[in-house]
Amino acid sequence: MFKDLFHKKRYATIPAERPVKRDIPEGLMNKCPKCGNIQYSKELEKNLKVCTSCGYHFRLTARERIAMTMDDGLLHEFDADMQSGDPLGFPGYAAKLEQQKAKTGMNEAVVTGTGSIDGHPVVVGVMDFHFFTGSMGSVVGEKITRAIEYARDKRLPLILFSTSGGARMQESIFSLMQMAKTSAALARFSDEGGLYISVMTDPTTGGVTASFASLGDYNLAEPGALIGFAGRIVIEQTIRQKLPDNFQTAEFNLQHGQLDKVVHRKDMRTVLAKLLDMHSMRRAE
Amino acid sequence: MMAGGLEFEKPLLELRNKIDELRKFAEERGFDFSDEIARLEAQYRQLETEMYSALTAAQKMHIARHHQRPTTLDFIQAIFTDFIELHGDRLFADDLAIVGGLAKLNGVPVTVIGHQRGKDTKDNIARFFGSPHPEGFRKALRLMRQADKFRRPIITFIDTKGAYPGDTAEERGQSEAIARNLLVMSTLRVPIVCVVIGEGGSGGALALGVGNRVLMLENAIYSVISPNGAASILWKDASRADEAAEAMKITAQDLHAFGIVEEVIPEPKGGAHRDPEGQAALVREAVWRHLQELMAMTPDELVEDRYRKFRSIGVIGSGGSDAPPDPPRKPKEPEAEEERAEPESAAGNAADESADASAAIESNAR
Ligand SMILES: [Zn+2]
Numbered sequence: 001m002f003k004d005l006f007h008k009k010r011y012a013t014i015p016a017e018r019p020v021k022r023d024i025p026e027g028l029m030n031k032c033p034k035c036g037n038i039q040y041s042k043e044l045e046k047n048l049k050v051c052t053s054c055g056y057h058f059r060l061t062a063r064e065r066i067a068m069t070m071d072d073g074l075l076h077e078f079d080a081d082m083q084s085g086d087p088l089g090f091p092g093y094a095a096k097l098e099q100q101k102a103k104t105g106m107n108e109a110v111v112t113g114t115g116s117i118d119g120h121p122v123v124v125g126v127m128d129f130h131f132f133t134g135s136m137g138s139v140v141g142e143k144i145t146r147a148i149e150y151a152r153d154k155r156l157p158l159i160l161f162s163t164s165g166g167a168r169m170q171e172s173i174f175s176l177m178q179m180a181k182t183s184a185a186l187a188r189f190s191d192e193g194g195l196y197i198s199v200m201t202d203p204t205t206g207g208v209t210a211s212f213a214s215l216g217d218y219n220l221a222e223p224g225a226l227i228g229f230a231g232r233i234v235i236e237q238t239i240r241q242k243l244p245d246n247f248q249t250a251e252f253n254l255q256h257g258q259l260d261k262v263v264h265r266k267d268m269r270t271v272l273a274k275l276l277d278m279h280s281m282r283r284a285e
Numbered sequence: 001m002m003a004g005g006l007e008f009e010k011p012l013l014e015l016r017n018k019i020d021e022l023r024k025f026a027e028e029r030g031f032d033f034s035d036e037i038a039r040l041e042a043q044y045r046q047l048e049t050e051m052y053s054a055l056t057a058a059q060k061m062h063i064a065r066h067h068q069r070p071t072t073l074d075f076i077q078a079i080f081t082d083f084i085e086l087h088g089d090r091l092f093a094d095d096l097a098i099v100g101g102l103a104k105l106n107g108v109p110v111t112v113i114g115h116q117r118g119k120d121t122k123d124n125i126a127r128f129f130g131s132p133h134p135e136g137f138r139k140a141l142r143l144m145r146q147a148d149k150f151r152r153p154i155i156t157f158i159d160t161k162g163a164y165p166g167d168t169a170e171e172r173g174q175s176e177a178i179a180r181n182l183l184v185m186s187t188l189r190v191p192i193v194c195v196v197i198g199e200g201g202s203g204g205a206l207a208l209g210v211g212n213r214v215l216m217l218e219n220a221i222y223s224v225i226s227p228n229g230a231a232s233i234l235w236k237d238a239s240r241a242d243e244a245a246e247a248m249k250i251t252a253q254d255l256h257a258f259g260i261v262e263e264v265i266p267e268p269k270g271g272a273h274r275d276p277e278g279q280a281a282l283v284r285e286a287v288w289r290h291l292q293e294l295m296a297m298t299p300d301e302l303v304e305d306r307y308r309k310f311r312s313i314g315v316i317g318s319g320g321s322d323a324p325p326d327p328p329r330k331p332k333e334p335e336a337e338e339e340r341a342e343p344e345s346a347a348g349n350a351a352d353e354s355a356d357a358s359a360a361i362e363s364n365a366r
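These protein sequences, in sequence, are chains A and B. Note that the first sequence ends on residue 285 in the numbering used here; no numbers are left out. Note that the second sequence ends on residue 366 in the numbering used here; no numbers are left out.
Bound conformation, chain A alone (with noise of 0.2 Å):
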């Protein structure tokens, strides 16, 4: 049946089929990269990758998001085939793709599907900084659409689990223009009153940061998340001063007013499932 075709793309939790990670060694401990606490793989594994001495969040790939977030770590994927092309054949691209992908054995920067959240079915786009370092082209501006369409058609509830060192410069316009794309499907969605959650990870910044990630009904972040627009490079040359340590961090942020909320990893599941719950009266209309 049509239905078991897409069993087997489905993510399951079992850890030896994730891909090599690069920000954590192989082998039985981990260094913290904050507070230098050095603790067991497997204890950082069960404390959902958080430092369990400072409370850093080690970043995710997206298996290991889908394996924490979704009912029994599953989801349906959509458009798990589809690949970037090379619309400007700029020089090293394809190659580098090909790197990402052995190197993550994924094949671009964001898994989209549909699954559930204790109970509540919802459409779910999950970004992936070691692929590309999660950067926004042409593929991942068309996944993320697709998901925003199919939330609209099935009037599913959307959430976005954003990472991303910005547009993808290797496909320049065609990357830009995804902003308008992802943000304008959103609007769509939004106009007949779908549910849009934004959870912002470390990092989230440039074209990301600047279209969908910050358009949410609700906008929530992971501690220490890196989120803004411009690199902190870049500004500090520009204003010609130092910018505080804590400067584009989820609490400065929140600080700021441009989040609704910076909720601990080990509180995301029932966080969402609250927001999830108090809007499901909605698509009765």
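If you are wondering where the hints come from, they were derived from the structure by calculation, not from laboratory data. Keep in mind the model is a prediction, meaning the values are calculated, not measured. We put the CB at the ideal spot given by N, CA and C, even for glycine.
Cross-link-like lysine-lysine pairs, in silico, DSS-like; alpha carbons within 30 Å at most: (1) K31(A) - K46(A); (2) K31(A) - K103(A); (3) K236(B) - K242(A); (4) K34(A) - K242(A); (5) K101(A) - K236(B); (6) K242(A) - K122(B); (7) K236(B) - K96(A); (8) K34(A) - K236(B); (9) K46(A) - K266(A); (10) K119(B) - K269(B); (11) K236(B) - K103(A); (12) K24(B) - K10(B).
What follows is a list of derived Cβ distance ranges for each label pair: (13) S312(B) - T238(A): 29 to 39 Å; (14) C35(A) - Q77(B): 56 to 66 Å; (15) R308(B) - E251(A): 33 to 43 Å; (16) E246(B) - I233(A): 21 to 31 Å; (17) Q43(B) - K242(A): 47 to 57 Å; (18) M281(A) - E285(B): 49 to 59 Å; (19) D123(B) - R240(A): 15 to 25 Å; (20) G259(B) - E236(A): 36 to 46 Å; (21) V234(A) - E28(B): 52 to 62 Å; (22) E251(A) - E285(B): 51 to 61 Å; (23) Q68(B) - E236(A): 26 to 36 Å; (24) T238(A) - G4(B): 23 to 33 Å.
Following the hints, position chain B with the ligand against chain A.
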């Protein structure tokens, strides 16, 4: 005539100087060099044609950034009548990096908005070199919503290196301001014509760029990041901007070929700054032509037309042709086993959604 000549224009400048000197010499000494001068003039015209018909992306970038290039306010003054500038975002400040207001185009009231570079250093500092803060984007948004309310067409002029990279800009939500413009522009029920008159840099440009029609001047450029920025990120060397300009395919001709830009508006030889008035006439003609077509459309058609334009942009290498899977079953669908007491919960309505979690996971796992 060659005032403000660019580096690559040097051969032309040198030839021009040679002709001028020869002419002066002939006049002073009373010689007749008219044949020689005519020959050099022909050579000059040929060189000029060759050079300007085969400009590289980097050369166009330098023309687009020329300090004498006409700005948004120059075009507004030349193209429209009765311009009334309007100020402020009603939230924080008036960002001079974006100007906007009411004007008439061939008698039709329109809202006109654009990035505004400075004319000199002092002006540039006041205008942040045409790089807006959130309040600039929010001023533009306010004016666009106002246009929507009063059913006025919107014309935007794009000319910025990008949104201002500053600490206070971040504090006030630079990202949200840009994103909001993209979202709202896509929904406006009036015609929107955008013209890239100089440099279209990044999200700061696009924030005024979600139009039914996007036109570009012949030497204008439009890219996801400034070529300088791209070079410093890609090769850790901002001085390789010319190379990045070529690689990113930033020219009006490239974007026209990609179908992202509807029309390339020709420039005088050497660039818009050589004949601002003539340039303005060409822009007026093109904008008016597109506007007339759009004004014949209904508000629904305009919104749909704009959505289609942006929805279709993107190049997929392969894949993505499989139909998406069905969503997981909602808990306690009508066909689920449990009996329901309340009659009002009959048709998959609100009561279904408040099912308890354990039932949901079970049904999902099946
Ligand atoms: Zn730590």
